[in-house]
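Peer 1: Chain residues, written in single-letter form:
There are 2 protein chains.
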Amino acid sequence: MMVNAERFLADLHKLRSFGAAGSGKGVVRRAYSEADIAARAWLASRMKEAGLEVHYDPIGNLFGLGGDRSVLVGSHSDTQPEGGWLDGALGVIAGLEIARAAKEAGAAPVSVVSFQDEEGRFGVTTGSDVWSGHLSLQQADDLADDDGVTLREARARMADLAADFLPHERFSGFLEMHIEQGPSLDQSDDRIGVVSDIVGIRDMRISFAGRQNHAGTTPMHLRQDAFQCLSAFNAALNARLASLVTPTTVWTIGHVSLHPNASSVVPGRVTFSMQWRDRDVERLRQMGEIIHDLAQEVAAERGVEAVLEPVMGIEPVPMDAGLQAALATSAEAAAPGQWRTMPSGALHDASNMAAVMPVAMLFVPSIGGISHAFDEDTDEADLTLGLKVLAGAVQTLA
Amino acid sequence: MMVNAERFLADLHKLRSFGAAGSGKGVVRRAYSEADIAARAWLASRMKEAGLEVHYDPIGNLFGLGGDRSVLVGSHSDTQPEGGWLDGALGVIAGLEIARAAKEAGAAPVSVVSFQDEEGRFGVTTGSDVWSGHLSLQQADDLADDDGVTLREARARMADLAADFLPHERFSGFLEMHIEQGPSLDQSDDRIGVVSDIVGIRDMRISFAGRQNHAGTTPMHLRQDAFQCLSAFNAALNARLASLVTPTTVWTIGHVSLHPNASSVVPGRVTFSMQWRDRDVERLRQMGEIIHDLAQEVAAERGVEAVLEPVMGIEPVPMDAGLQAALATSAEAAAPGQWRTMPSGALHDASNMAAVMPVAMLFVPSIGGISHAFDEDTDEADLTLGLKVLAGAVQTLA
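So the sequence lines, in the order shown, correspond to chains A and B. Okay, so the first sequence: first residue is 1 according to full-length UniProt numbering, each after it adds one. Okay, so the second sequence: first residue is 1 according to full-length UniProt numbering, each after it adds one.
Since the hints were derived computationally from the structure, they do not count as laboratory data. Think of the CB as a built atom: it goes at the ideal place given N, C-alpha and C, for glycine as much as any other residue. Be aware that one or more of the hints could be misleading.
Residues of chain A placed beyond 12 angstroms of chain B at every Cβ, according to the derived structure [as the list claims (entries may be wrong)]:
no.	residue
1	Met2
2	Gly133
3	Thr150
4	Arg157
5	Asp164
6	Gln296
7	Pro358
One-sided excerpt, in silico: chain A residues whose CB lies under 7 angstroms from chain B [what the hints assert, rightly or not]:
no.	residue
8	Gln181
9	Pro183
10	His214
11	Thr217
12	Thr218
13	Gln275
14	Ala346
Produce the complete structure using the sequences and hints provided.
Peer 2: Below you can see the structure in the form of structure tokens.
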């Protein structure tokens, strides 16, 4: 089989025209929007032209089926509210090109998929979540977007296209190519990342309840300043995690809400988000323990109350060893010494697929590490290199 | 002259009935509201009964004049949106009782004042600010409250009562009794504070502009996390100020705004308030220098940009030495060994009066340091002790 890089890039640019918006190569193509449904209709026509059997399932996942049983390659074609042209779209068009090339070559069949609502207008990776069986269609139907529209109402716009859910057994494995969405490859000489794991995520909300007071009349030593608690917690946390974490472990305080949040008032309460990600469940647990203990210690030292809400989580997902090896072999052939094994810090449809079939992922660099933004981009040389690596791996599997 | 503690407390409770609201002894009596104008009418009637000449000036400051030239005693009778029964009201009723007792005793005349809008529905200490000449009536008239009502419109409700502004020369000095609004007296054995200075205030807004990034895909060492900049700045500031400040110096980060303030996004920008107060202008300047240098250092170390907006300020105001001495002598007589000299960390009408006449202030304890809240309170024994100390000082001056 011989992939056609020009045709691949032309299709990728064509897909961008559905919902092209903002600056540069920006795209706004929310799940179930007019642009999204039109993009899927165009994708379906390209699949048909390639001799693939078009299949929509009830949630709007679009398949181009290469045969009765095959490898599945793809990603999603919906975008963030302010999205780039590659995130998701890249993996779908790569899948289309490889399935098409396989048909042309009379090689073993390859199928392609564009999952629906990966970007979470309603849930998180909603289309693959429902197809994997983790989330029922009934539960999903009750999810609402920020404007109060339910998924039930949204998917009704595609109801005329929908057939049944496909049996997972039709597919021998799932491969997803994606931009890294981080700066690691871009800041190195490596052009390809073979994903080892999709990291697990832990999320919780913590509050310190001190005492709200007049910022002029309350001496420093009599204050129970909630912001000072947060600052002390953060500094101590960074120090205490240092000996436990790896270079790919991350933790973030991204949301902070002070009360009453006024310049002349000693803050009486702070609520903040604490998120941490790692590929190792045990390390995630140990980090949680440190966070929990430290919040209590800071509260006790400063005579305030710490409230720790329950920890929410998504488990780490290791990639299939066989598929990883196929990608690594293909990467070494196409880009000798210029690829690495790395975890994915972001969630992907592959996380859900791992519950029902072997999965693996491939990353190409994100310029400046930018994603979920209009100015997300990747050199076209890296896009076609990624296609080549992916096609090479598929060939050995199919 | 013999002050009547029972009559004083009865009047204080009666004043509370105008706008009584919320829980406990809470009061809502915003400047120029129906409750405020009714309270002033009642105060005027009590002044008249005491043989004082009632005088409203154009901004709504209400005077009870004891003679052609006299000591002036008072404070303000408007409240915060959620106020207590003492803040302001205490000083006004103390002034009323002392002026009344002086009249009854045929002693040297004493006058009383209730300033308008000390609590800043429109400006800050607006009534005394205008009378002192610092703010013109024209400028004040253009000030608007949170609902867009101008002071011009608000004071029109009292226009039928208004006479001219009084010449400052009618008064030999101004004495203001107030609750401390902080915990220092309440947490000690002292019952009286003789105010040495009203502290100066410096206020500025600082921003750190880092880089907004995905909280899963951006490794820790490649982040420019604006919240981490703030936390590092705060910790270093506390350490660096330690050798410069006195026990009464205060500094506060009371307002924090993160962008985009989402748990899965590395914060790209933080804007926060930095306020510091001290009685000494030179120390205020040195603190400002440390804050400025440190913000730049943190920004440079972390490769982000610091934006420091201009420093706004209110200058420190020392109390008159003679009036302070009179209060101290009286305090030692009424509460031997149970009083202290202390700065006021909060602004008061006395700050404005200091520009046009000698001023001094007296504090009584605030239970739990609470003020600007419905549950603000002080033991009645402390209220009457304060009245006694104030009356004793007035007697030696008049």
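Peer 1: Determine for every hint whether it applies to the structure shown.
Peer 2: The hints, checked one at a time:
no.	hint	in the structure
1	Met2	holds, 33 angstroms
2	Gly133	holds, 25 angstroms
3	Thr150	holds, 23 angstroms
4	Arg157	holds, 28 angstroms
5	Asp164	holds, 34 angstroms
6	Gln296	holds, 19 angstroms
7	Pro358	holds, 23 angstroms
8	Gln181	holds, 4 angstroms
9	Pro183	holds, 5 angstroms
10	His214	holds, 5 angstroms
11	Thr217	holds, 3 angstroms
12	Thr218	holds, 5 angstroms
13	Gln275	holds, 5 angstroms
14	Ala346	holds, 4 angstroms
Checked against the numbered hints above, the structure violates none of them.
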